[in-house]
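Q: What follows is each chain in one-letter form.
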Amino acid sequence: MSNHHDQPNNRRKMREKILAIAAGGICIAVAHALSLLKIFEMPQGGSVTPASMLPIVFFALCFGIGPGLAVAFIFSILQMLSGYMLHPAQVFLDYILAFSMLGLAGFFAPARALRENESNILNRLTLIPIYKIFIAVFIGVFCRLVCSVLSGVIFYASYAPEGQSALVYSFIYNGSFLLIEFIITVILLMSFLLVYGMIKTNKSTNKSSAKKA
Amino acid sequence: MLKDISIGRYYDAESTLHRMDPRVKLILFAVYMTGVFMISKPEGILASFIVVLGLVVLSRIPFRVIIRSVRPIIFLMLFVFVINLLTMRDGRTILRFWIVRITDYGLERASVMTLRLFLLIVSTTLLLSLTTTPLKMADGLESLFAPLKKIRVPVHEMAMMMSIALRFIPTLVEETDKIMKAQASRGAEYDTGNIFVRAKGYASVLVPLFVSAFKRAEELAIAMEARCYRGGEGRTKLNPLKMRTSDYLWLVLLGIIAFVPVIVEILLEIG
Numbered sequence: 001m002s003n004h005h006d007q008p009n010n011r012r013k014m015r016e017k018i019l020a021i022a023a024g025g026i027c028i029a030v031a032h033a034l035s036l037l038k039i040f041e042m043p044q045g046g047s048v049t050p051a052s053m054l055p056i057v058f059f060a061l062c063f064g065i066g067p068g069l070a071v072a073f074i075f076s077i078l079q080m081l082s083g084y085m086l087h088p089a090q091v092f093l094d095y096i097l098a099f100s101m102l103g104l105a106g107f108f109a110p111a112r113a114l115r116e117n118e119s120n121i122l123n124r125l126t127l128i129p130i131y132k133i134f135i136a137v138f139i140g141v142f143c144r145l146v147c148s149v150l151s152g153v154i155f156y157a158s159y160a161p162e163g164q165s166a167l168v169y170s171f172i173y174n175g176s177f178l179l180i181e182f183i184i185t186v187i188l189l190m191s192f193l194l195v196y197g198m199i200k201t202n203k204s205t206n207k208s209s210a211k212k213a
Numbered sequence: 001m002l003k004d005i006s007i008g009r010y011y012d013a014e015s016t017l018h019r020m021d022p023r024v025k026l027i028l029f030a031v032y033m034t035g036v037f038m039i040s041k042p043e044g045i046l047a048s049f050i051v052v053l054g055l056v057v058l059s060r061i062p063f064r065v066i067i068r069s070v071r072p073i074i075f076l077m078l079f080v081f082v083i084n085l086l087t088m089r090d091g092r093t094i095l096r097f098w099i100v101r102i103t104d105y106g107l108e109r110a111s112v113m114t115l116r117l118f119l120l121i122v123s124t125t126l127l128l129s130l131t132t133t134p135l136k137m138a139d140g141l142e143s144l145f146a147p148l149k150k151i152r153v154p155v156h157e158m159a160m161m162m163s164i165a166l167r168f169i170p171t172l173v174e175e176t177d178k179i180m181k182a183q184a185s186r187g188a189e190y191d192t193g194n195i196f197v198r199a200k201g202y203a204s205v206l207v208p209l210f211v212s213a214f215k216r217a218e219e220l221a222i223a224m225e226a227r228c229y230r231g232g233e234g235r236t237k238l239n240p241l242k243m244r245t246s247d248y249l250w251l252v253l254l255g256i257i258a259f260v261p262v263i264v265e266i267l268l269e270i271g
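Chains A and B supply the protein sequences, listed in that same order. Residues 1 to 213, numbered by our numbering, are exactly what the first sequence covers, in order. Residues 1 to 271, numbered by our numbering, are exactly what the second sequence covers, in order.
Bear in mind the hints are in silico, worked out from the structure with no lab data behind them. Remember, it's a predicted structure, so these values are computed and weren't measured experimentally. Be aware that one or more of the hints could be misleading.
[Said to hold, decoys possible] The calculated lysine to any residue pairs, modelled on SDA-like cross-linking and capped at a C-alpha distance of 25 Å, are:
id	chain 1	residue 1	chain 2	residue 2
1	B	Lys41	A	Ala157
2	A	Lys38	B	Arg167
3	A	Lys38	A	Phe107
4	A	Lys17	B	Glu157
5	B	Lys215	A	Glu118
6	B	Lys150	A	Leu104
7	B	Lys149	A	Phe107
8	A	Lys38	B	Ser185
9	B	Lys215	A	Val195
10	A	Lys17	B	Glu225
11	B	Lys136	A	Ile77
12	B	Lys178	A	Val186
13	B	Lys149	A	Leu104
14	B	Lys237	A	Ile77
15	B	Lys178	A	Ile187
16	B	Lys136	B	Val155
17	A	Lys38	B	Ile73
18	A	Lys38	B	Ile179
19	B	Lys136	A	Met80
20	A	Lys17	B	Ile73
21	A	Lys132	B	Lys200
22	B	Lys136	A	Met85
23	B	Lys41	A	His87
24	B	Lys200	A	Leu36
25	B	Lys200	A	Asn123
26	B	Lys41	A	Ile154
27	B	Lys200	A	Arg11
28	B	Lys181	A	Met85
29	B	Lys41	B	Leu78
30	B	Lys215	A	Gly66
31	B	Lys215	A	Leu127
32	B	Lys200	A	Leu178
33	B	Lys237	B	Glu157
34	B	Lys215	A	Thr126
35	A	Lys13	A	Glu116
36	A	Lys13	B	Tyr229
37	B	Lys41	A	Leu178
38	B	Lys149	A	Gly66
39	B	Lys215	A	Glu16
40	A	Lys13	A	Arg112
Just need the whole structure built from these sequences, with the hints factored in.
A: Below is the structure:
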C-alpha cells in the first residue's frame, strides 16, 4: 500500500487533495466570518454582507467543480445552522441549494494540469481571464436569487390563503438586497483583483514575455 | 464590529437532549418538521404545544433563551398572521371597518398558521441548534451520510473540511477584527457613509484577509501532510459516536410522540 502511495503521481494527487481539504475548510471559515459582518440588514432578516460568498467562489475557481460543490454544500449547512427553518422546501432552497450553487463557479476553473502545477492557491486565480471570474460571481448571485424567490413563493403559498400572487413581492424583496450584495461583491472583487494584479504585474510580465518569446 | 462569534446558537446545559446522539437528533429533526407540518386544526396545535413543551423540559434550556431564539422571526409571524386575517373571506363576520372584514374563520386560520410557525421554529432549533455543538453535528452528518461513500461522494473529506472550518472560524473572526481595526486607524469606514464608502472600507480588509487566509491554508496542508494525513481510509477517531440503548429508546419514543398531534386530529375527524 505504502509503495503504491509513494509513486510521484499518486503523491501529487494526495498533496492536491490535502491542499483542497485545508483550503476548503479555511475558505468556509472566512466566508462564515464575513457573513457575520452586516453592511445593511433588512427588517425581514435578509442582510447584505461584505462579499461573504467570494471565498467560496474563489475556492471553486481554484480547485474545480467537484471540490467547489462540496465546499459550497458545507457552507450552506453552516449557514442553515445559524438561520431559520420554516419549511422543508424553504430549508432546501434558501440554504442548501442557494449556497451550494456557488460551487458552480468551478466550471470556470483552469484546466486541471494547469492549476495543479501552481501550488500557490491565489496565483491560480491569475490563470483565469477576469471576465470569467465576474461571470462566476454573477451566476452565484443569480442562482441565489432564483432560489430565494422560489422559497418566498412556497413559504407564502403554505402560510397564506390561496389566490395571492407572491411572485412579484418575493422578487422585489429578494432582488433588492441581492442586487446590493452583488454590487458590493463586484466592487470588492474589482479592488481585490486590482491590488492583487498590481502586485503580480512586476513578476508576471517577465513570465509572459518569456512565454511569448 | 464583530461581537457575536458563536457558530449556530448552541446553549450549553446538562440534559437528556444535549447528551443524545447527534444522529438521533438529526433524524428526529426531520420527523418533527414533517409532524408539525401535518397539523392544521386548533386541537392539533394544542397537542403539539404540549409535545414541544415536553421537549423544552427535556432540554433544560431556560424559556428566555428559547424566546430569544424566536425573536428574529417575530416580523414573519406577524406577517403570516395579518395576511391570513385580512384575506380569509369564509366564515362569519366579526369585525368590519372601511374595506377590512375580519371573520371568525380567518381569525382561527391566522392563529393556527402563526402558532404552527412558532412551534416549528422552537422544535427544530431545540433539536438541532440549541442542544448540539456544530462539531458533534459534523460527526453525526458524516456518519449518517457514510453510505454515500459507495457512490464516491467524499463524505470523510467533507466532514474534515467542516471540522477545519469550525476550528478556524474563531481564529479568522479575530483576525478579521484585527485587520478591520488596523484599517480603521488608517481611515477606513465601515458603518458610515454611502454604500461605496463602506465597500471601499471593506475592500481594504478583504485583500489582507484573503492573502493571509490562503497562506494559512497552505501551511495547514503542509502540516497535515507532514503528519501523514491520507484521508478517510483506516483513520480512527478519538471520540467515536456510539449509539447507546437509551439513544434507540429516545429515537422510538420521541419519534412516536411527534405524530401524537396528527393522531389527535385524525381521531377528532373520525369521532
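Q: Each of the hints needs a verdict: does it hold here or not?
A: Results of checking the hints against the structure:
no. : hint                : result
1   : B/Lys41 - A/Ala157  : 18 Å, holds
2   : A/Lys38 - B/Arg167  : 22 Å, holds
3   : A/Lys38 - A/Phe107  : 29 Å, violated
4   : A/Lys17 - B/Glu157  : 9 Å, holds
5   : B/Lys215 - A/Glu118 : 14 Å, holds
6   : B/Lys150 - A/Leu104 : 23 Å, holds
7   : B/Lys149 - A/Phe107 : 23 Å, holds
8   : A/Lys38 - B/Ser185  : 20 Å, holds
9   : B/Lys215 - A/Val195 : 17 Å, holds
10  : A/Lys17 - B/Glu225  : 10 Å, holds
11  : B/Lys136 - A/Ile77  : 13 Å, holds
12  : B/Lys178 - A/Val186 : 24 Å, holds
13  : B/Lys149 - A/Leu104 : 22 Å, holds
14  : B/Lys237 - A/Ile77  : 22 Å, holds
15  : B/Lys178 - A/Ile187 : 22 Å, holds
16  : B/Lys136 - B/Val155 : 15 Å, holds
17  : A/Lys38 - B/Ile73   : 18 Å, holds
18  : A/Lys38 - B/Ile179  : 16 Å, holds
19  : B/Lys136 - A/Met80  : 15 Å, holds
20  : A/Lys17 - B/Ile73   : 41 Å, violated
21  : A/Lys132 - B/Lys200 : 23 Å, holds
22  : B/Lys136 - A/Met85  : 19 Å, holds
23  : B/Lys41 - A/His87   : 18 Å, holds
24  : B/Lys200 - A/Leu36  : 18 Å, holds
25  : B/Lys200 - A/Asn123 : 23 Å, holds
26  : B/Lys41 - A/Ile154  : 21 Å, holds
27  : B/Lys200 - A/Arg11  : 42 Å, violated
28  : B/Lys181 - A/Met85  : 34 Å, violated
29  : B/Lys41 - B/Leu78   : 19 Å, holds
30  : B/Lys215 - A/Gly66  : 22 Å, holds
31  : B/Lys215 - A/Leu127 : 18 Å, holds
32  : B/Lys200 - A/Leu178 : 19 Å, holds
33  : B/Lys237 - B/Glu157 : 14 Å, holds
34  : B/Lys215 - A/Thr126 : 16 Å, holds
35  : A/Lys13 - A/Glu116  : 9 Å, holds
36  : A/Lys13 - B/Tyr229  : 13 Å, holds
37  : B/Lys41 - A/Leu178  : 37 Å, violated
38  : B/Lys149 - A/Gly66  : 14 Å, holds
39  : B/Lys215 - A/Glu16  : 15 Å, holds
40  : A/Lys13 - A/Arg112  : 11 Å, holds
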